[in-house]
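**Student:** With the sequences and hints as input, model every part of the structure.
Protein chains: 2
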Amino acid sequence: MRKIGIAEVEDIALGAALLGAGGGGDPYIGKLVAMGALKECGPVTLLDPQEVPDDALVVPIAMMGAPTILGEKAIGGGEYKTLYDTVSQFFGKPIYAFMPIEAGGVNSMLPIAAAARLGLPLVDVDGMGRAFPELQMVTFTIGGVSATPMALTDEKGNSAIFRTITNKWTEELARAVTMSCGGSVSVSLYPMEGAVMKKYGVCGIVTRSQKLGAAIRQVKQVQGMTPEEAFLSFTEGFKLFKGKICDVLRETRGAFNFGKVVLEGIQEDKGRSAFVEFQNENLTCTVEGRIVATTPDLICLVDVETFVPVPTDALKYGKRVMAVGLKCFPLWRSPEGIALVGPRYFGCDTDYIPLEERCKGGKD
Amino acid sequence: MRKIGIAEVEDIALGAALLGAGGGGDPYIGKLVAMGALKECGPVTLLDPQEVPDDALVVPIAMMGAPTILGEKAIGGGEYKTLYDTVSQFFGKPIYAFMPIEAGGVNSMLPIAAAARLGLPLVDVDGMGRAFPELQMVTFTIGGVSATPMALTDEKGNSAIFRTITNKWTEELARAVTMSCGGSVSVSLYPMEGAVMKKYGVCGIVTRSQKLGAAIRQVKQVQGMTPEEAFLSFTEGFKLFKGKICDVLRETRGAFNFGKVVLEGIQEDKGRSAFVEFQNENLTCTVEGRIVATTPDLICLVDVETFVPVPTDALKYGKRVMAVGLKCFPLWRSPEGIALVGPRYFGCDTDYIPLEERCKGGKD
Numbered sequence: 471m472r473k474i475g476i477a478e479v480e481d482i483a484l485g486a487a488l489l490g491a492g493g494g495g496d497p498y499i500g501k502l503v504a505m506g507a508l509k510e511c512g513p514v515t516l517l518d519p520q521e522v523p524d525d526a527l528v529v530p531i532a533m534m535g536a537p538t539i540l541g542e543k544a545i546g547g548g549e550y551k552t553l554y555d556t557v558s559q560f561f562g563k564p565i566y567a568f569m570p571i572e573a574g575g576v577n578s579m580l581p582i583a584a585a586a587r588l589g590l591p592l593v594d595v596d597g598m599g600r601a602f603p604e605l606q607m608v609t610f611t612i613g614g615v616s617a618t619p620m621a622l623t624d625e626k627g628n629s630a631i632f633r634t635i636t637n638k639w640t641e642e643l644a645r646a647v648t649m650s651c652g653g654s655v656s657v658s659l660y661p662m663e664g665a666v667m668k669k670y671g672v673c674g675i676v677t678r679s680q681k682l683g684a685a686i687r688q689v690k691q692v693q694g695m696t697p698e699e700a701f702l703s704f705t706e707g708f709k710l711f712k713g714k715i716c717d718v719l720r721e722t723r724g725a726f727n728f729g730k731v732v733l734e735g736i737q738e739d740k741g742r743s744a745f746v747e748f749q750n751e752n753l754t755c756t757v758e759g760r761i762v763a764t765t766p767d768l769i770c771l772v773d774v775e776t777f778v779p780v781p782t783d784a785l786k787y788g789k790r791v792m793a794v795g796l797k798c799f800p801l802w803r804s805p806e807g808i809a810l811v812g813p814r815y816f817g818c819d820t821d822y823i824p825l826e827e828r829c830k831g832g833k834d
Numbered sequence: 471m472r473k474i475g476i477a478e479v480e481d482i483a484l485g486a487a488l489l490g491a492g493g494g495g496d497p498y499i500g501k502l503v504a505m506g507a508l509k510e511c512g513p514v515t516l517l518d519p520q521e522v523p524d525d526a527l528v529v530p531i532a533m534m535g536a537p538t539i540l541g542e543k544a545i546g547g548g549e550y551k552t553l554y555d556t557v558s559q560f561f562g563k564p565i566y567a568f569m570p571i572e573a574g575g576v577n578s579m580l581p582i583a584a585a586a587r588l589g590l591p592l593v594d595v596d597g598m599g600r601a602f603p604e605l606q607m608v609t610f611t612i613g614g615v616s617a618t619p620m621a622l623t624d625e626k627g628n629s630a631i632f633r634t635i636t637n638k639w640t641e642e643l644a645r646a647v648t649m650s651c652g653g654s655v656s657v658s659l660y661p662m663e664g665a666v667m668k669k670y671g672v673c674g675i676v677t678r679s680q681k682l683g684a685a686i687r688q689v690k691q692v693q694g695m696t697p698e699e700a701f702l703s704f705t706e707g708f709k710l711f712k713g714k715i716c717d718v719l720r721e722t723r724g725a726f727n728f729g730k731v732v733l734e735g736i737q738e739d740k741g742r743s744a745f746v747e748f749q750n751e752n753l754t755c756t757v758e759g760r761i762v763a764t765t766p767d768l769i770c771l772v773d774v775e776t777f778v779p780v781p782t783d784a785l786k787y788g789k790r791v792m793a794v795g796l797k798c799f800p801l802w803r804s805p806e807g808i809a810l811v812g813p814r815y816f817g818c819d820t821d822y823i824p825l826e827e828r829c830k831g832g833k834d
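Chains as they are written, first to last, in the working numbering: chain A, 471 to 834; chain B, 471 to 834.
Note that these hints are calculated values from the structure, not bench results. Here a beta-carbon is modelled for each residue, glycine too, at the ideal position from N, C-alpha and C. A hint or two may mislead.
Said to hold, decoys possible - Some chain B residues judged to face chain A by a derived CB distance under 10 Å, without partners named:
(1) K563
(2) Q606
(3) A630
(4) L643
(5) C651
**Tutor:** If you want it as structure tokens, here you go:
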């Protein structure tokens with residue numbers, strides 16, 4: 471158990487933005503929401519998963535929808551109270567703690583805001599170890615946990631609670647309501663007992679985000695390594711490509727951000743070209759026509775100078791970025807994991823091959 | 471208090487199909503669902519609204535979506551139990567009785583099936599005195615009653631419960647989920663106390679439907695009148711036009727049936743032409759370029775020989791029909807009523823003028 475305040479939130483947001491793999495929304499907006507709540511209500515208690523009783527009700531908090539829309543619509547103040555009331559009324563018992571469902575610029579931050587505003591602790595766990603675009607894409611789905619009862623509320627005060635026969639149906643129905651509410655809403659889903667959270671969750675993810683954030687912040691102060699070496703060493707990242715963004719294609723469709731960013735090689739990659747395709751998160755990275763990384767491994771674009779992650783929302787012409795691959799949480803590499811979040815689910819016509827194998831062959 | 475069984479259901483379905491004003495779905499499907507439940511579970515007790523205690527929980531049951539889709543998807547057996555459980559869990563008290571929310575081929579029947587299956591009484595009341603396509607279009611909206619908490623379930627077992635800031639938002643969100651569930655679902659909405667039901671409801675509508683149905687069935691046995699005279703006399707209907715259907719334009723969009731039926735005059739209307747526009751229900755009737763009736767007054771098409779109502783789903787080339795206007799429930803003619811269900815709401819560029827005034831001028 472420890473406290474997290476404004477300083478910790480800076481690093482958590484930065485690290486989670488890297489784990490967001492291009493998605494998870496603008497860390498600046500997420501940070502503002504969390505910091506506003508911390509300033510008003512004081513620091514939040516972060517619990518180690520093992521500190522949570524087995525029968526305690528733990529509820530993930532998140533936003534659902536297109537992060538680009540969240541930037542326009544923002545978040546009111548009353549959503550978390552509405553979610554708390556809806557869920558605790560449904561179960562007839564109080565919520566013991568909140569938790570994030572994914573790492574990312576926004577969804578790593580909102581549970582902190584919720585915990586601060588309602589005076590509840592936050593658990594150091596999530597259900598992805600990264601970000602994914604659809605709500606059934608969590609380790610808890612592999613563990614057979616239901617996404618429902620799922621509560622949803624918008625900033626205007628409309629709310630809904632869903633119970634569905636599969637988590638894919640939850641996605642269908644909640645997505646439809648998200649669209650009708652203007653494309654972004656606050657949700658609580660996968661309400662679960664402490665025992666389940668400990669068994670299937672990605673434990674320690676908040677702390678990992680914070681450490682990654684601190685490392686990125688200090689990357690230029692490491693002795694005996696270039697900043698790039700320090701970054702790749704600390705993140706255990708695979709360098710995929712370095713280039714200047716020469717085109718960004720975007721489409722907001724079905725409350726998702728779809729698109730493709732095209733890179734023109736710089737430095738050691740001069741004369742080569744690459745592209746990254748995304749659906750909220752980066753899905754594939756292709757260098758000189760060869761796929762070098764795919765979901766569920768993390769494909770992250772970071773600034774070549776500062777190593778600050780660049781989410782898909784912030785991609786623009788002329789920016790110089792390094793594409794980096796990070797290994798995903800091991801459970802995602804199981805057949806069930808690949809069925810849920812592998813490249814074919816997203817319509818990419820390639821089998822999943824682990825990042826480290828794809829990168830083994832060298833540059834071609 | 472009286473019992474309704476198979477024989478009563480025949481007449482209620484026929485009469486409600488007339489009050490459905492072209493909408494409310496195929497009475498044959500509705501009847502099958504109600505009769506199946508009555509055969510299995512026995513007759514249903516019909517309560518006069520005054521017999522319901524003021525603090526009893528009364529819950530309308532309906533289907534939402536396009537009636538043409540219901541014809542394909544049908545209704546399972548478990549929906550009413552799911553709705554009962556969801557609503558009574560929400561309120562923490564049992565449901566005292568079900569009621570219909572509208573008169574129409576399907577929605578007059580489903581509450582009977584629900585009451586039979588769960589052994590609950592049905593109240594002789596609804597919230598329209600006819601059928602309308604959107605769920606905020608009930609007298610209870612004028613009375614300031616909230617449509618929510620609204621429960622929704624599909625035949626697969628998915629369910630949702632909504633709480634919204636306005637009844638228009640309920641329509642938005644529930645419609646989105648209805649579409650995702652395949653275009654037709656079972657719902658309970660406007661849950662209310664007995665006192666509210668008595669104050670704003672259209673009392674006696676089930677009995678009125680039954681009497682209208684019996685009158686249509688016996689229209690050829692009335693002494694001293696032609697069947698047409700008997701029909702118009704008993705329904706207090708205004709004859710608008712008699713014609714042969716020479717074109718039907720249809721579009722299923724946003725879970726609604728939109729369209730237009732074109733009539734070529736027959737008998738006394740020979741040489742003239744007319745058309746009726748609809749959105750689930752008939753919205754306007756135009757004869758020789760002059761609007762002769764608009765929503766919220768009822769525009770009904772009936773077979774010229776049998777006087778059986780022809781819902782918009784059953785319109786087809788060559789059928790001979792009489793267009794009849796019926797006066798709507800008085801509350802619909804208030805400014806609040808016109809704002810909610812008047813012609814301009816549906817995009818028809820005309821003010822509301824009461825049916826009897828539009829018809830006063832004679833044929834032109």
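**Student:** Against each hint, give a clear statement of whether it holds in the structure.
**Tutor:** Hint-by-hint comparison with the structure:
1. K563: violated (14 Å)
2. Q606: violated (14 Å)
3. A630: Given a least distance of 5 Å, the restraint on B:A630 holds.
4. L643: At about 5 Å, which falls below the 10 Å cut-off, the nearest Cβ of chain A leaves the hint on B:L643 intact, so it holds.
5. C651: Check passed: Cβ of B:C651 comes within 7 Å of chain A, closer than 10 Å.
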